[in-house]
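Engineer: When you get a sec, could you build the whole thing from the sequences and use the hints?
This note's numbering puts the first residue of the sequence shown at 1, with every later residue one more than the last.
Calculated directly from the structure, the hints in this document are not laboratory data. Only a predicted model underlies this, so the values are computations on that prediction, with no experimental measurement involved. For each residue, glycine too, the CB sits at the ideal point set by N, CA and C. It is possible that part of the hints are untrue.
[As the list claims (entries may be wrong)] With beta-carbon atoms standing in for the labels, derived distance ranges:
{"no.": "1", "residue 1": "Trp100", "residue 2": "Ile75", "range": "32 to 38 Å"}
{"no.": "2", "residue 1": "Phe8", "residue 2": "Ser68", "range": "35 to 41 Å"}
{"no.": "3", "residue 1": "Val22", "residue 2": "Phe66", "range": "27 to 33 Å"}
{"no.": "4", "residue 1": "Ser95", "residue 2": "Ile75", "range": "29 to 35 Å"}
{"no.": "5", "residue 1": "Ile28", "residue 2": "Pro82", "range": "20 to 26 Å"}
{"no.": "6", "residue 1": "Val22", "residue 2": "Thr80", "range": "17 to 23 Å"}
{"no.": "7", "residue 1": "Asp101", "residue 2": "Ile75", "range": "37 to 43 Å"}
{"no.": "8", "residue 1": "Asn110", "residue 2": "Phe66", "range": "46 to 52 Å"}
{"no.": "9", "residue 1": "Glu3", "residue 2": "Asn110", "range": "25 to 31 Å"}
{"no.": "10", "residue 1": "Thr2", "residue 2": "Phe76", "range": "36 to 42 Å"}
{"no.": "11", "residue 1": "Val111", "residue 2": "Ile4", "range": "48 to 54 Å"}
{"no.": "12", "residue 1": "Phe61", "residue 2": "Arg90", "range": "26 to 32 Å"}
[What the hints assert, rightly or not] Okay, derived cross-link-like pairs now, BS3-like style, lysine-lysine, Cα gap no bigger than 25 Å in a straight line:
{"no.": "13", "residue 1": "Lys113", "residue 2": "Lys62"}
{"no.": "14", "residue 1": "Lys113", "residue 2": "Lys98"}
{"no.": "15", "residue 1": "Lys109", "residue 2": "Lys98"}
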Amino acid sequence: MTEIANFFIIVFILLGAFFSLVAAFGVIRLPDVYTRNHAASKSATLGVLCVLLGTLLFFYFKDGYFNSRVVLGIIFIFLTSPIAGHLLGRAAYNSGVKLWDQSVRDDLKNVPKVKETAGK
Numbered sequence: 001m002t003e004i005a006n007f008f009i010i011v012f013i014l015l016g017a018f019f020s021l022v023a024a025f026g027v028i029r030l031p032d033v034y035t036r037n038h039a040a041s042k043s044a045t046l047g048v049l050c051v052l053l054g055t056l057l058f059f060y061f062k063d064g065y066f067n068s069r070v071v072l073g074i075i076f077i078f079l080t081s082p083i084a085g086h087l088l089g090r091a092a093y094n095s096g097v098k099l100w101d102q103s104v105r106d107d108l109k110n111v112p113k114v115k116e117t118a119g120k
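Structural biologist: Below you can see the structure in the form of structure tokens.
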């Protein structure tokens with residue numbers, strides 16, 4: 001492997017570890033469900049994507065093998081994690097979880113809620 005490839009592999013894996021660490025601190029330290037969800041979905045997604053990209057480059061330059069499973073993992077995480085974070089936040093809001101007392105804006109305040117039709 002060339003030194004340039006090693007450099008990019010190390011940078012991507014370290015960036016992924018850094019973003020995962022930021023996500024962990026965000027989940028622990030942020031004040032409410034919505035900001036914790038944001039930290040978990042955004043930073044963790046970016047961290048996993050960077051680690052997987054570093055892994056893809058490592059195997060490509062080490063063995064000359066383009067690993068399609070890692071590419072599929074990158075695509076799957078990129079598509080599902082933000083959607084899951086959005087749905088978790090919306091479910092928390094619809095179930096009545098209060099915003100942080102210092103929140104300045106509630107974008108869903110005037111959105112009509114879906115009525116439950118279970119049992120009809």
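Engineer: All the hints need checking, so say for each whether the structure fits it.
Structural biologist: Evaluated hints:
no., hint, verdict
1, Trp100 with Ile75: 32 to 38 Å, "34 Å, holds"
2, Phe8 with Ser68: 35 to 41 Å, "20 Å, violated"
3, Val22 with Phe66: 27 to 33 Å, "30 Å, holds"
4, Ser95 with Ile75: 29 to 35 Å, "31 Å, holds"
5, Ile28 with Pro82: 20 to 26 Å, "21 Å, holds"
6, Val22 with Thr80: 17 to 23 Å, "20 Å, holds"
7, Asp101 with Ile75: 37 to 43 Å, "39 Å, holds"
8, Asn110 with Phe66: 46 to 52 Å, "49 Å, holds"
9, Glu3 with Asn110: 25 to 31 Å, "57 Å, violated"
10, Thr2 with Phe76: 36 to 42 Å, "30 Å, violated"
11, Val111 with Ile4: 48 to 54 Å, "50 Å, holds"
12, Phe61 with Arg90: 26 to 32 Å, "42 Å, violated"
13, Lys113 with Lys62, "54 Å, violated"
14, Lys113 with Lys98, "16 Å, holds"
15, Lys109 with Lys98, "12 Å, holds"
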